[in-house]
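Trainee: All chains, full assembly: derive it from the sequences and hints.
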Amino acid sequence: MNEIRLRPVTADELPLLTEILAELDGNPPFPVEQVREKWLELRRFPDYVCYFAESGGEIVGTLCLNVFPVLSGTMHSEAIAEAVVIRPAFRGRGLGRAMMRAAMDLAAEKGAYKLALSSNLRRLDAHRFYDGMGFTRHGYSFSTDIVPHA
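Counting from 1, position 31 in the sequence shown corresponds to residue 30 in numbering that gives the first Met the number 0; the numbering is continuous, with no gaps.
What the hints contain is simulated information worked out from the structure, not anything from laboratory work. Quick caveat: nothing in here was measured; it's all calculated off a predicted structure. Cβ atoms here follow ideal geometry from the backbone N, Cα and C, with glycine treated the same way. Honestly, I wouldn't trust all of these hints.
Restraint ranges, calculated between C-beta atoms of paired labels, are given here [stated by the list, open to error]: (1) Glu-57 x Lys-37: 24 to 32 Å; (2) Glu-108 x Leu-15: 21 to 29 Å; (3) Asp-124 x Met-74: 33 to 41 Å; (4) Pro-30 x Glu-108: 17 to 25 Å; (5) Glu-57 x Gly-138: 30 to 38 Å; (6) Pro-68 x Asp-24: 28 to 36 Å.
Mentor: Okay, structure coming up:
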């Protein structure tokens, strides 16, 4: 089995984080300064952390994890993973599974009873991956664009 270590991304590593996040959809990366501003804003939430996944001394992927209390359901904390990316050169080696297991362990250590994530409808390979890991599809996700108030 491939060993993965999750460690928080540092401010100096934001250019690399920006590159890796762009690999998710093949879009041009956001400007690093824009990512830095958002990253600093997210630092206000101590249980929202972006991690690099390392294996064999290399950064192979990233994910951001948010653990938060809820007032509904079981009233136990929940976790949401986002920005989940294994770099293309490292896919197909079991590293994605190892990274998600490490994320589940980390979420459990922080008191979460479940880990959820959203995946774009067009990412069929990702859906098969999550199905294969035992994630269950549940409910519907709804969103709407919000026009900022002037």
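Trainee: So, for every hint listed, does it hold in this structure?
Mentor: Consistency of the hints with the structure:
1. Glu-57 x Lys-37: 24 to 32 Å: holds, 25 Å
2. Glu-108 x Leu-15: 21 to 29 Å: Distance hint for Glu-108, Leu-15 holds at roughly 25 Å.
3. Asp-124 x Met-74: 33 to 41 Å: Distance hint for Asp-124, Met-74 holds at roughly 35 Å.
4. Pro-30 x Glu-108: 17 to 25 Å: violated, 34 Å
5. Glu-57 x Gly-138: 30 to 38 Å: holds, 37 Å
6. Pro-68 x Asp-24: 28 to 36 Å: holds, 32 Å
Of the numbered hints listed earlier, the single one contradicted by the structure is hint 4.
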